[in-house]
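K.L.:
All chains, full assembly: derive it from the sequences and hints.
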Amino acid sequence: MKIIDVNGNERECAEVYPDKDYPGYMRVEFKSAVRSHHEWYPIKDFTKNNPDLVYLTKDSPILVADTLGIVSSSTYTTIKDTKQKWDDNCYADFPIWISRGKGEGQIRNVESNTRNSIKIDKPWDIMPDKSSQYVISHNIHDPQPFGNTLPGYEGRVKDKVDPKIEN
0 MKIIDVNGNE RECAEVYPDK DYPGYMRVEF KSAVRSHHEW YPIKDFTKNN
50 PDLVYLTKDS PILVADTLGI VSSSTYTTIK DTKQKWDDNC YADFPIWISR
100 GKGEGQIRNV ESNTRNSIKI DKPWDIMPDK SSQYVISHNI HDPQPFGNTL
150 PGYEGRVKDK VDPKIEN
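If you read the sequence shown in numbering that gives the first Met the number 0, its first letter stands for residue 0, the second for the next number, and so on.
For the record, the hints were derived by calculation from the structure and aren't laboratory data.
What you are looking at is a predicted structure, and each value in this text was computed from that prediction instead of being measured.
Warning: the hint list may mix true and false statements.
Computed list of lysine-lysine pairs in DSS-like fashion (alpha-carbon distance at most 30 Å, straight line) [to be verified]:
no., residue 1, residue 2
1, Lys47, Lys30
2, Lys57, Lys47
3, Lys84, Lys57
P.N.:
This is the structure:
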C-alpha cells in the first residue's frame, strides 16, 4: 500500500492500523529485504496526507485530553475531584502525578475512573489532600519536582546570590 508520509513523500508500506497503545496515532509498518520497522503518524497528519485512507482510522481509540485539577478528597488508593465530569474509564492506564501539595512527586497509574474519582494501581506513600494538585497525562515519564536547580545556579539561596555568578 502506498502512503504519503509526514514529509510529503510517497512510500510503500506493508500495513497501517490504529495503535491501541498510542491513542491518536496510526502505526505504519514498513518491510524490506534488509529490515522491518514501524513509524507512528498522528491521525490528523495521516488523514491530511492520505484522505483516501481515512477508512483505516475508523477503529482508532479516542484520544482523551490530558487533564489536571485539585484533589477534593482521597484515600490511599483513590482521589476525588468534585469539579470533574469525566467519562467512565477514559483515563484508565494513564499516569497520574501529584504535582503540588501533600504527596508531591508521586506517580501512579490510573486503574479506573468514574465521573469524578480515580482509582490507582498501588497505594500512595503519602496520601494527597486538599492542598494537592494532580496531572493526568500520557506525557508523564519521570518528572523531578524536588531539588531542581539550573546548572551554574547552585549557589543561589532565596535572595542571596553567589558573587561568582553574573546576573
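K.L.:
Each hint needs a verdict: does it hold in this structure or not?
P.N.:
Each hint tested on the structure:
no.	hint	verdict
1	Lys47 to Lys30	holds (24 Å)
2	Lys57 to Lys47	holds (15 Å)
3	Lys84 to Lys57	holds (26 Å)
In summary, this structure violates none of the numbered hints.
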